[in-house]
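As you go down the protein sequences, you meet chains G and B in turn.
Residue 1 is where the first sequence starts when you use the working numbering, and the numbers rise one by one after that.
Residue 248 is where the second sequence starts when you use the working numbering, and the numbers rise one by one after that.
Derived by calculation from the structure, the hints in this document are not laboratory data.
Ideal Cβ placement from N, Cα and C applies to all residues, glycine included.
One or more of the hints may lead you astray.
Label pairs and their computed distance ranges (CB to CB) [stated by the list, open to error]:
id, chain 1, residue 1, chain 2, residue 2, range
1, G, Ser230, B, Arg290, 34 to 42 Å
2, G, Ser28, B, Leu623, 38 to 46 Å
3, B, Ala590, G, Ser55, 55 to 63 Å
4, B, Asp296, G, Val212, 32 to 40 Å
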Amino acid sequence: MVEIVVLVKQVPDTNAKIEIKDGRADLSMIKWITSPYDEYALEVALQHKEAVGGSVTALTLGPARCDKTLKDAKALGVDKIARVDVDEGYVDSLSIQSMLAEACKSLGAEVVYCGKAAADTNAGSTGPGVAEKLGWASIANVTNVVFADNSLELMQPAPEGQAKIGVNLPAVITCDKGMGEPRRANVKGIMMAKRAVVDLIETGNFEGNTSVIEHTSPPQKPPGKSYEGSEHVSEVVKLLRDEANVI
Amino acid sequence: MPYEALDFYDVDSLLTEEELMVRDMVREWVDDKVIPNIEQACRDGVFPDEWRQDLGEMGVLGAPLKGYGCPGLSYTAYGLICQELERGDSGLRSFASVQGSLAMYPIWDFGSEEQKEKYLPKMATGEYVGCFGLTEPDYGSNPGDMITRAEELEDGFLLNGAKMWITNGTIADLAVVWAKLDGKIRGFIVEKDDEGFSAPEMKGKHSLKASVTSELVFQDCKIPKDRILPNVSGLRGPFSCLNNARYGISWGAIGAAQACFNSAKEYALSRIQFDHPIASYQLVQNKLSWMLREITKGQLLAYHLGKKKDEGNWFPEQISLAKMNNVDIALEIARVARDIHGANGILDEYPIMRHMANLESVKTYEGTHDIHNLILGRYITGIQSFTRKL
Ligand SMILES: Cc1cc2nc3c(=O)[nH]c(=O)nc-3n(C[C@H](O)[C@H](O)[C@H](O)COP(=O)(O)OP(=O)(O)OC[C@H]3O[C@@H](n4cnc5c(N)ncnc54)[C@H](O)[C@@H]3O)c2cc1C
Numbered sequence: 001m002v003e004i005v006v007l008v009k010q011v012p013d014t015n016a017k018i019e020i021k022d023g024r025a026d027l028s029m030i031k032w033i034t035s036p037y038d039e040y041a042l043e044v045a046l047q048h049k050e051a052v053g054g055s056v057t058a059l060t061l062g063p064a065r066c067d068k069t070l071k072d073a074k075a076l077g078v079d080k081i082a083r084v085d086v087d088e089g090y091v092d093s094l095s096i097q098s099m100l101a102e103a104c105k106s107l108g109a110e111v112v113y114c115g116k117a118a119a120d121t122n123a124g125s126t127g128p129g130v131a132e133k134l135g136w137a138s139i140a141n142v143t144n145v146v147f148a149d150n151s152l153e154l155m156q157p158a159p160e161g162q163a164k165i166g167v168n169l170p171a172v173i174t175c176d177k178g179m180g181e182p183r184r185a186n187v188k189g190i191m192m193a194k195r196a197v198v199d200l201i202e203t204g205n206f207e208g209n210t211s212v213i214e215h216t217s218p219p220q221k222p223p224g225k226s227y228e229g230s231e232h233v234s235e236v237v238k239l240l241r242d243e244a245n246v247i
Numbered sequence: 248m249p250y251e252a253l254d255f256y257d258v259d260s261l262l263t264e265e266e267l268m269v270r271d272m273v274r275e276w277v278d279d280k281v282i283p284n285i286e287q288a289c290r291d292g293v294f295p296d297e298w299r300q301d302l303g304e305m306g307v308l309g310a311p312l313k314g315y316g317c318p319g320l321s322y323t324a325y326g327l328i329c330q331e332l333e334r335g336d337s338g339l340r341s342f343a344s345v346q347g348s349l350a351m352y353p354i355w356d357f358g359s360e361e362q363k364e365k366y367l368p369k370m371a372t373g374e375y376v377g378c379f380g381l382t383e384p385d386y387g388s389n390p391g392d393m394i395t396r397a398e399e400l401e402d403g404f405l406l407n408g409a410k411m412w413i414t415n416g417t418i419a420d421l422a423v424v425w426a427k428l429d430g431k432i433r434g435f436i437v438e439k440d441d442e443g444f445s446a447p448e449m450k451g452k453h454s455l456k457a458s459v460t461s462e463l464v465f466q467d468c469k470i471p472k473d474r475i476l477p478n479v480s481g482l483r484g485p486f487s488c489l490n491n492a493r494y495g496i497s498w499g500a501i502g503a504a505q506a507c508f509n510s511a512k513e514y515a516l517s518r519i520q521f522d523h524p525i526a527s528y529q530l531v532q533n534k535l536s537w538m539l540r541e542i543t544k545g546q547l548l549a550y551h552l553g554k555k556k557d558e559g560n561w562f563p564e565q566i567s568l569a570k571m572n573n574v575d576i577a578l579e580i581a582r583v584a585r586d587i588h589g590a591n592g593i594l595d596e597y598p599i600m601r602h603m604a605n606l607e608s609v610k611t612y613e614g615t616h617d618i619h620n621l622i623l624g625r626y627i628t629g630i631q632s633f634t635r636k637l
């Protein structure tokens with residue numbers, strides 16, 4: 001019986017168009033989703049429980065809107081859902097990692113899963129950071145896991161190809177694709193999610209030492225090339241093949 | 248491009264968390280599993296068996312029914328499920344309508360305790376497929392004069408006659424069949440292996456190609472005594488089922504219309520003629536804004552009817568109006584969308600022509616468009632005009 005915690009983050013829809021207003025990303029009209037790699041982490045966590053028994057808690061950090069991500073996790077079959085409540089706005093990575101590590105401790109975690117990177121920042125720092133704070137082993141970008149009672153066997157990309165890694169729990173694992181398509185919710189799960197209550201976890205207040213000075217949009221893409229007339233056919237075909245890799 | 252549903256009047260804000268989650272679950276499934284495979288299914292003329300399994304696993308079959316392993320969702324959630332399924336294909340929604348509203352519902356409402364226990368849990372998981380046999384070759388809009396007969400024997404019933412146009416017939420494990428016993432319409436459950444029963448598939452459809460349509464043939468088909476639905480007689484039986492299915496269709500049609508609108512909008516924005524996107528021309532904008540107008544009205548109609556169904560405060564003519572209107576506008580939207588797509592509109596690369604052909608069936612089944620007009624005419628005037636006998 002192992003106490004499994006999976007970290008899930010709510011991020012702007014990866015297709016959302018984000019506007020900058022007064023030097024800040026305007027997220028007021030954004031559609032929010034669960035960060036895609038966290039969905040893989042959820043899948044691994046649920047498979048871990050199915051393999052050796054135990055309990056899975058989905059944990060997030062953020063304002064109340066993030067409860068949607070927790071409810072979605074509950075609909076997939078996690079046992080408990082918990083949130084560290086923070087106000088809307090920027091929280092620096094070190095504080096996030098410290099608060100999540102405390103929350104993991106208070107949940108009695110023996111293994112922590114999360115996505116290899118969040119779709120919004122793409123930083124990939126949360127998993128290793130939480131491991132550091134907990135003083136646990138940290139294994140990143142895992143594509144396959146074999147579960148045993150107190151240890152795991154993991155596959156991870158290595159310069160020579162793949163590395164098979166053994167680790168004794170406790171550990172923090174960040175997940176890449178590989179353990180199969182994340183499962184789909186069903187109506188029973190959704191009914192459970194409706195009734196589920198989010199556990200609000202109190203942690204100490206960690207003052208960060210970074211702040212955002214300004215957000216800017218990514219540079220505009222240069223305009224595309226255009227060609228007119230049949231004399232360019234061979235050049236266009238060459239570019240489509242060699243540069244765009246579409247043919 | 249990921250699907251973005253038109254929701255001009257923010258109907259989403261009226262939905263519960265549970266309804267939204269169910270809707271999104273089905274929406275994602277349709278995007279992942281149905282839309283990439285639907286054209287092949289139509290070409291092959293099959294209803295893919297994985298869809299049956301997935302619908303069962305998602306737990307959406309018989310959505311508004313409670314108990315016996317059924318989902319127990321709201322009628323609004325059931326409507327949303329139909330909407331998303333039909334955005335994929337009307338044949339898929341037909342499968343779910345028949346299973347839930349036409350086969351599970353009569354067993355749930357009119358069946359014996361034993362019948363409910365025996366069939367409903369397995370139908371909710373999709374393990375058993377059901378079909379609904381009302382229409383006959385010579386009796387479509389006028390099922391009251393059906394000729395399929397049941398005769399009571401010592402140890403069962405003997406059925407003779409034929410049904411036609413029966414969705415899911417050939418793939419069904421059981422059929423809910425309406426037949427006359429001593430001149431009164433009664434419901435019977437016929438299982439696929441019952442002696443004297445066969446369900447040959449009807450071929451050659453230009454519409455609902457991914458849905459199985461069959462004849463049901465009963466030649467001295469003998470069934471046990473406990474297969475009669477004990478708690479209903481007369482047209483009320485089949486008509487109660489149809490009320491639920493028609494309600495679902497009023498949402499489903501909005502899904503098909505949304506698919507056509509979406510495709511037309513994207514196409515109009517990207518297609519350049521006379522140096523500009525065709526979306527920049529007033530005639531095309533007029534078509535798009537008409538689509539938006541009709542979809543929005545249809546959504547509000549379906550949503551409000553769903554609330555009334557959930558409150559148990561509705562009458563059948565309200566369902567007639569919603570079914571008739573929403574299918575009508577969906578079909579017209581498909582036609583206008585085809586026009587906007589120009590020649591491309593006839594290709595199976597776009598969903599338009601498929602939806603258009605499908606909606607021709609949807610306009611006819613579950614009460615033709617004009618039969619619903621007659622139902623409303625009778626409601627307004629108090630005079631029935633189905634036959635000349637007044
Ligand atoms: C793909 C498909 C699937 C189907 N699935 C099922 C199923 O699962 N189970 C089932 O039982 N049935 C099913 N049906 C049958 C469907 O319900 C009938 O087709 C429908 O009721 C109409 O009957 P009909 O085709 O005989 O047309 P008819 O009743 O012959 O109607 C022909 C035309 O005459 C008009 N008309 C008829 N009577 C009048 C009147 N009094 N006044 C004015 N106009 C009138 C109609 O509006 C229509 O335009 C299905 C049909 C299709 C196409």
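A range of 55 to 63 Å was offered for this pair. Does it hold for the Cβ distance of B/Ala590 and G/Ser55? holds, 59 Å
Status of the given 38 to 46 Å range, CB of B/Leu623 versus CB of G/Ser28: holds, 45 Å
Can the suggested window of 34 to 42 Å be confirmed for the beta-carbon pair G/Ser230 and B/Arg290? Holds, at about 35 Å.
Given the range 32 to 40 Å, decide if the beta-carbon distance of B/Asp296 to G/Val212 lies inside it. Since B/Asp296 and G/Val212 have Cβ atoms about 52 Å apart, the given range 32 to 40 Å is violated.
Of the numbered hints stated above, the single one contradicted by the structure is hint 4.
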